[in-house]
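Student: With chain A held as given, fit chain B onto it using these hints.
Number of protein chains: 2
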Amino acid sequence: MEFPSKLLEKAVDEISQLPGIGKRTALRLMLHLLKQPEDQTNRLTEALTKMRQDIIFCKSCHNISDKEICDICSNPARDHQTICVVEDIRDVMALENTRLFKGIYHVLGGKISPIDGIGPSQLNIQSLIDKVKKGEVKEIIFALSSTMEGDTTNFYIYKHVKDFEIITSTIARGISVGDELEYADEVTLGRSLIHRVPFESAFKAV
Amino acid sequence: MEFPSKLLEKAVDEISQLPGIGKRTALRLMLHLLKQPEDQTNRLTEALTKMRQDIIFCKSCHNISDKEICDICSNPARDHQTICVVEDIRDVMALENTRLFKGIYHVLGGKISPIDGIGPSQLNIQSLIDKVKKGEVKEIIFALSSTMEGDTTNFYIYKHVKDFEIITSTIARGISVGDELEYADEVTLGRSLIHRVPFESAFKAV
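Going line by line, the protein sequences match chains A and B. Here full-length UniProt numbering is used: position 38 in the first sequence is 38, and no number is missing along the way. Here full-length UniProt numbering is used: position 120 in the second sequence is 120, and no number is missing along the way.
So that you can see chain A by itself, here it is in the shape it has in the complex (with noise of 0.2 Å):
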C-alpha cells in the first residue's frame, strides 16, 4: 500500500500491530478518526495511555485492578478460602457474571505452553502453590480452557498441590445448554455422560 501520508502511514503501522487488526482495518479505523472531531482521538489516546501507565495487577490474584488489592480479594463476604483457578482476566469477569462463585481467584496470565515458550515460571503459578503451602486454601476449582495446553496446567499445578489436604475440581465439561445432542462432538458427549448428574439436582434452581 502506498500511503499519501506519513503520518498516516505510521498510524495505520501501529494500529495493525494489535492482534486480527490488518492493514485494510487500520486504514478504515484511520480514515474513521479523521472524520470525527479531534476530540475523540484526544479520549481516545488519554485513556489508552492512563490505562497502559497506571493499571496494577492485583498483589493477592494477580487479576487487572486499579489498587494494590482488587476489589473481589478485598471483599470480606468472600470466601477467601475457596480459590478458582483461571487463565486470564476475561475469564473472571465471565465467570462473575454468573454471579454463582462466592470465592476468590487466582489468575495465571495464561496456560503452559512449549510451543509458544510459555513454562510454568513465566506463569503466576508459584504464589498459588505458596498459598496452598501456608494453609490458606481449602479447595482449588480449577477453570482452565478444555484444551491440551489447559489440561497440561491442571495437571501441572494438580501435582504440586494433590499432597496437601484440600479439594481439588475442575469445572464440569459437557454439552451446552441450549445445545442439540447431534452438534456435540464425541469427547464432551462422553464426558458429560460419565459424569452424569443424579436427575434431582441436575434441574435445581441456580
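There may be inaccurate statements among the hints.
Where chains are identical, the list cannot tell them apart; a pair therefore holds if satisfied intra-copy or between any two copies.
Claimed, not checked - Restricting the straight-line Cα-Cα distance to at most 27 Å, the calculated cross-link-like pairs of lysine-lysine (DSS-like) are:
#1 K35 with K10
#2 K50 with K23
#3 K35 with K59
#4 K204 with K102
#5 K162 with K50
#6 K134 with K67
#7 K23 with K35
#8 K10 with K50
#9 K23 with K134
#10 K10 with K23
#11 K131 with K59
#12 K134 with K59
#13 K10 with K159
#14 K162 with K204
#15 K50 with K204
If you're looking for bench data, these hints aren't it; they were derived computationally from the structure.
Tutor: The following block gives chain B in isolation, referenced to the frame of chain A:
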C-alpha cells in the same frame, strides 16, 4: 460487562467507538496492549495524536496529505487536465496501485446519501465544478461505487458539468478479471454485454 478496573473500562469504551470494534474485541486488544511493553502503547498513542493533529487535506484535490498541495497534484509529470472523481482516499490508493492513471484526482469525501443526511453541500463538489468553469479541465472520469448513492452523485455532478466542453466518462462495469460467468449477477453481466469491447483491444497489454 463488569470490569475489574475503571481505567480498563474507559479504554475499552473509547476503542469500541471505532467502527466494527465491539466491546469483546476491544477488551482483547487492551489485554494485548497490557501484555506488551509500555513502549508499544506510547508509540501507538503518539502516532494517533500526530496524525489527527498534523494531517491536512490537499487544497486542490482534497486528498489526505502532509502538505498543502499533495504529491500527486504537485507532480508536473501528471496530466492536470484529466480529473478522476472518487469518494475517498482509499479509492485513490486503489487506483494508484494500478499505475495506469496519469491524471489527477478529486476526492469528494463521500457520496450523496439523503438517508444518512449527506447532501451535495457536505461534499467537495463545488470546488470540482469551479475547476470546470475556470476551463482547467479537459476530461472527467467518474470512479464512484456502483450503488444507488454512487449513481446519484454521478448524475448530480454530471448535470452541473455537462454543458461545458469536456469529455466525461465512468469506469467500466463488467465481469471481474478471473471471475466465472455463472456467478456474475444479471445487471453486471448485462452491462458487460452492452459495453462490449472490440476483441483486439480487449487483450491489449496494459
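Student: Now tell me if each hint is right for this structure.
Tutor: Do the hints match the structure? See the list:
1. In this assembly of identical chains, the alpha carbons of K35 and K10 lie at most 27 Å apart whether taken from the same copy (18 Å) or from different copies (22 Å).
2. Both within a single protomer and between protomers do K50 and K23 lie at most 27 Å apart by alpha-carbon distance, with minima of 26 Å and 19 Å respectively.
3. Taking identical chains as interchangeable, the C-alpha atoms of K35 and K59 lie at most 27 Å apart only when they sit on different chains, with a minimum of 17 Å there against 42 Å within one chain.
4. When the C-alpha separation of K204 and K102 is checked against a cutoff of 27 Å, the pair qualifies only within one copy, where the shortest distance is 18 Å, while the shortest distance between copies is 74 Å.
5. For the homomeric pair K162 and K50, neither the shortest alpha-carbon distance inside one copy (41 Å) nor that between copies (55 Å) is at most 27 Å.
6. For the homomeric pair K134 and K67, the shortest alpha-carbon distance inside one copy (24 Å) is at most 27 Å, but the shortest distance between copies (66 Å) is not.
7. With identical chains, the CA atoms of K23 and K35 are at most 27 Å apart both within one copy (18 Å) and between copies (22 Å).
8. Taking identical chains as interchangeable, the C-alpha atoms of K10 and K50 lie at most 27 Å apart whether they share a chain (22 Å) or sit on different chains (9 Å).
9. Taking the shortest Cα distances, K23 and K134 never come within 27 Å of each other, neither inside one copy (51 Å) nor across copies (39 Å).
10. For the identical chains of this complex, K10 and K23 are neighbours both inside a copy (11 Å) and across copies (25 Å), given an alpha-carbon limit of 27 Å.
11. With identical chains, the CA atoms of K131 and K59 are at most 27 Å apart within one copy only, with a shortest distance of 12 Å there and 66 Å across copies.
12. In this assembly of identical chains, K134 and K59 lie within 27 Å of each other by CA distance solely inside one copy; the values are 16 Å within and 71 Å between copies.
13. For the identical chains of this complex, K10 and K159 are neighbours neither inside a copy (49 Å) nor across copies (40 Å), given an alpha-carbon limit of 27 Å.
14. With identical chains, the CA atoms of K162 and K204 are never at most 27 Å apart, being 31 Å at best within one copy and 76 Å at best between copies.
15. Proximity of K50 and K204 under a CA criterion of 27 Å is satisfied in neither setting, with 45 Å inside one chain copy and 58 Å between copies.
Against the hints set out earlier in the document, violations occur for numbers 5, 9, 13, 14, 15.
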